[in-house]
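Colleague: Sequence:
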Amino acid sequence: MPSKFVPNAEDVDRQLESEFLEDVKDTVSQLDIQLANLRANKNLLDEGLAPVRQLVHNLMAQGRGVNMPTIHLLVHRLNEYLTEVKALDDTHVDNIQTFVDKINGVLDGDIDPAGIDATPKLVRELPKKVFADIDFGDITPQDVEVLLVIPERSMARIVEQEMAACGYRTSNAKTSYEAFNLAIQTKPDLIVASMELGDLRGVDLACAFAAMQPTHALPFCLLTSYEWGNPALDRLPLRAALLRKGPAFGSDLAEALARFRIT
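To get the working numbering, take the position in the sequence shown, counting from 1, and add 2.
Among the clues, some could well be false.
Unchecked claim - Taking lysine-lysine pairs in the DSS-like style, the calculated list, with each CA pair at most 30 Å apart, reads:
no., residue 1, residue 2
1, K176, K189
2, K123, K27
3, K123, K189
To be verified - The calculated label-pair distances, taken between Cβ atoms and stated as ranges, are:
no., residue 1, residue 2, range
4, I35, R241, 44 to 50 Å
5, T85, G169, 17 to 23 Å
6, A256, N45, 44 to 50 Å
Keep in mind the hints are simulated off the structure, nothing from the lab. For each residue, glycine too, the CB sits at the ideal point set by N, CA and C.
Kindly generate the complete structure, drawing on both the sequences and the hints.
Modeller: If you want it as structure tokens, here you go:
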């Protein structure tokens with residue numbers, strides 16, 4: 003009696019990844035169709051946000067099974083963009099379409115994320131988050147990418163708004179581990195991290211970034227209630243800047259931006 007064929011682990015992994023990839027492509031196609039319908043029928047805009055968000059959440063779940071870091075990054079950015087969207091309009095639909103086109107480009111091979119500067123350039127071409135409830139006046143967009151590592155949502159939003167008022171693009175990592183991946187992928191112009199991160203402290207994160215070749219030159223700011231001279235800051239790398247919570251935040255930020263020559 004012939005023995006049954008038993009696939010090896012590599013074959014199984016390739017099969018599973020292929021299936022996940024097909025699921026991702028199918029969901030992106032659905033998102034494309036949804037956006038086309040919204041452009042064709044403006045009456046659907048009021049109810050169109052929930053289905054778009056659901057499809058993006060599906061993409062985030064499906065993307066975990068595919069070894070394509072750039073796809074993860076683009077979907078992460080799209081999800082962040084949608085968190086600030088309260089209602090869809092033509093501008094939001096066009097911006098979401100830009101994200102989808104970039105995702106399709108990577109999936110189809112038209113966009114090659116390989117290379118040391120390819121992904122940083124790609125994320126800087128994405129639409130910036132729009133804070134619908136705040137009027138910043140006339141702001142000149144700046145080609146500045148800021149990575150926030152701030153678990154506290156209310157504080158993260160305050161800092162995001164400060165950066166948006168400067169015309170900067172922001173992305174928020176919820177954990178230090180996510181911060182490592184995003185920093186290495188996107189090479190941000192500035193990193194702002196809280197002192198308390200749960201799994202480790204902001205000083206530890208600053209030391210880790212300073213010790214790694216891909217990130218040692220990235221400007222780093224520590225967001226904290228501590229003043230200079232506090233023992234908790236003894237190990238903070240000399241190159242790092244301090245952003246004190248409270249009334250001093252604005253002046254500390256201006257000083258840090260000037261010091262790092264970020265305009």
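Colleague: All hints are to be evaluated individually against the structure, with a verdict given for each.
Modeller: Now the hints, each set against the structure:
Taken as a hint, the K176 and K189 pair is honoured in the structure, with Cα atoms around 17 Å apart against an allowance of 30 Å. Distance check on the hinted pair: K123 and K27 sit about 23 Å apart at the alpha-carbon level, within 30 Å; holds. Restraint check for K123 and K189: the C-alpha separation of about 9 Å stays at or below 30 Å, so the hint holds. At about 49 Å, the beta-carbon gap between I35 and R241 stays in the expected band of 44 to 50 Å.
As the Cβ distance of T85 to G169 is approximately 20 Å, the hint placing it in 17 to 23 Å holds. Hint check: A256 to N45, Cβ distance near 46 Å, so the stated range 44 to 50 Å holds.
The structure shown violates none of the earlier numbered hints.
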